[in-house]
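Asker: Below are the chains, spelled out letter by letter.
Protein chains: 2
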Amino acid sequence: MRDTKEGRVPMVVIKRLPKYYRYLGELVEHKVERVSSQTLADMMGISASQLRQDLNHFGEFGQQGYGYRVEDLYQEIGRIIGLENEYNMVIVGAGNLGQALANYPNFSKRGFLLKGVFDINPKLIGLKLRDNEIMDIDHLEQFIQKENIAIGIITVPKEAAQEVADIMVRAGIKAIWNFAPVDIKVPPEIVLENEHLADRLMVISFRLKELGFEED
Amino acid sequence: MRDTKEGRVPMVVIKRLPKYYRYLGELVEHKVERVSSQTLADMMGISASQLRQDLNHFGEFGQQGYGYRVEDLYQEIGRIIGLENEYNMVIVGAGNLGQALANYPNFSKRGFLLKGVFDINPKLIGLKLRDNEIMDIDHLEQFIQKENIAIGIITVPKEAAQEVADIMVRAGIKAIWNFAPVDIKVPPEIVLENEHLADRLMVISFRLKELGFEED
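Protein sequences, first through last, are from chains A and B.
Each residue of the first sequence is one higher than the last, beginning at 1 in the numbering used here.
Each residue of the second sequence is one higher than the last, beginning at 1 in the numbering used here.
Hints in this document: simulated from the structure, not taken from any laboratory.
Bear in mind that the values here come from a model prediction, so they are computed numbers and not experimental data.
Careful: at least some of the hints might be erroneous.
One copy or two, either will do: identical chains are not told apart, so a pair holds if it fits within one copy or between any two.
Simulated crosslink set (DSS-like; lysine-lysine; CA at most 30 angstroms straight-line) [claimed, not checked]:
(1) K128 to K146
(2) K146 to K19
(3) K19 to K209
(4) K31 to K115
(5) K31 to K185
(6) K15 to K185
(7) K158 to K128
Kindly produce the complete structure, drawing on both the sequences and the hints.
Answerer: Quick look at the structure:
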C-alpha cells in the first residue's frame, strides 16, 4: 500500500491501471462513447464490483445506469498514471535486449523518450541505434545530469547491474527499470521495478498445471 | 479466479508465487532453515496476514510460533507452480528480442527448455543462436508437433503475431507468451500471457507522480 493524493492505492490496483488505459484506448479508437462497468470488467477479466472498487480509489466516475464516458475515463486514467508528463530515459547495455527495447515502438508514444544508449563494449560504442548513437558508459553519469534523465533501464549482465545502478543513483536518476536477473539495491526514494522474465514462465507453468498438463 | 485442485486461487496470488519462489530460493542458498511469516512478508513487501492468506490457498504450512521451514516451503511452492515438469519451448521471431530471450540464462534452470528458434527472414535462417539454428517458419507447425512443444514465444512484429499464433494453435501448442504489442486471440483452452512492456513504464510513471515528479 502507498499514499497518494487520492488516498492509499494498493499496488495491485496500480498495476491494473495500464490495462484499463489500454482497453479504454481501444474503445476510443473504435469511437465507442459509453461503456458499462460490466462490459469493461469483462474485457479486463475482472468482476464489475472489482472494477468499481478499483476506480473508487481515484474519485467518482460514471453515473448509475449510464456507464462510463469512454473518452473521459481514458483521459482521466492517463492523468492518474501521469502520462501528461514526459520522461527522459537511458538504456545501459546495448546487447540484444537493450537494442530490442531501444526499438520498441510503444514507449515514445506514451511520453517515454529514449535519450541515450550506453555500453562498455568498444565494438558497440559509436554504432547507431535508430536515432541514438551508442555511448561509452564513462559518460553516463554526466549525461544523466545534463539531459535531465528520469528513468534508467538496465540491460547489462547481472554482474554489472549493481554498479550501473549506483552510477545512475549518484547522478540523480528518479527511477530504475532493471532487466538483469538480480535484485539490485537502491535508496528508498528511487522507484525500482525489477523485470523478472522467468516469473512469467512460472505463471504459465502454474496455469498449464491447472489445466492438467502432463509431459508425454 | 480459477479452479485448481487446491481450490479457487485468485490470479493476483498466482502471480506472487514466482516471487515467493525466488525469495525462498535465496534463503535456501544462504542456508536459512526457518523464516517467520513476518520476515518473509517484509522481504516480499506485503503484510504478514496477506502472506498467510496467500499460502492458505494451498494447504497448511508452518507451525504457529515456529515459522516456515524454508527448504520445505521452497520445494512445495515449486511443486505448486509445476516446476517438476519440463516444458519445451520455441521462439518465433529471431530479432533482437527473440535473440535476447534465447540467451536469457534463467529459463532452462527452471525447466523451460528452448528447442527451436524460427524466423521468416532468409538472412537469419541458418544462423546459430547458442545451441539453436534459426529455422524457417515454414517448418514451425511440424516442429511443434514432432518435438512436443508446449510453450510458444512470439517476438515477431505485431502485424504477424496473430498469424504466428494461429499456426501454433493449429499445431497443438499449450501456451503462448506474446511479446508483440497487440492482443492476439486464441481458443480458451490455450494459456495466453501477453507481455506489455509499456505497462511497466506506466507503473513507473504513476509511482514517480506519487513521489511528486515534476519536469524541470
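Asker: Against each hint, give a clear statement of whether it holds in the structure.
Answerer: Verification of the hints:
| no. | hint | result |
| --- | --- | --- |
| 1 | K128 to K146 | within (21 angstroms within a copy, 41 angstroms between copies) |
| 2 | K146 to K19 | neither (34 angstroms within a copy, 37 angstroms between copies) |
| 3 | K19 to K209 | both (26 angstroms within a copy, 18 angstroms between copies) |
| 4 | K31 to K115 | neither (34 angstroms within a copy, 43 angstroms between copies) |
| 5 | K31 to K185 | between (45 angstroms within a copy, 21 angstroms between copies) |
| 6 | K15 to K185 | both (22 angstroms within a copy, 23 angstroms between copies) |
| 7 | K158 to K128 | both (25 angstroms within a copy, 24 angstroms between copies) |
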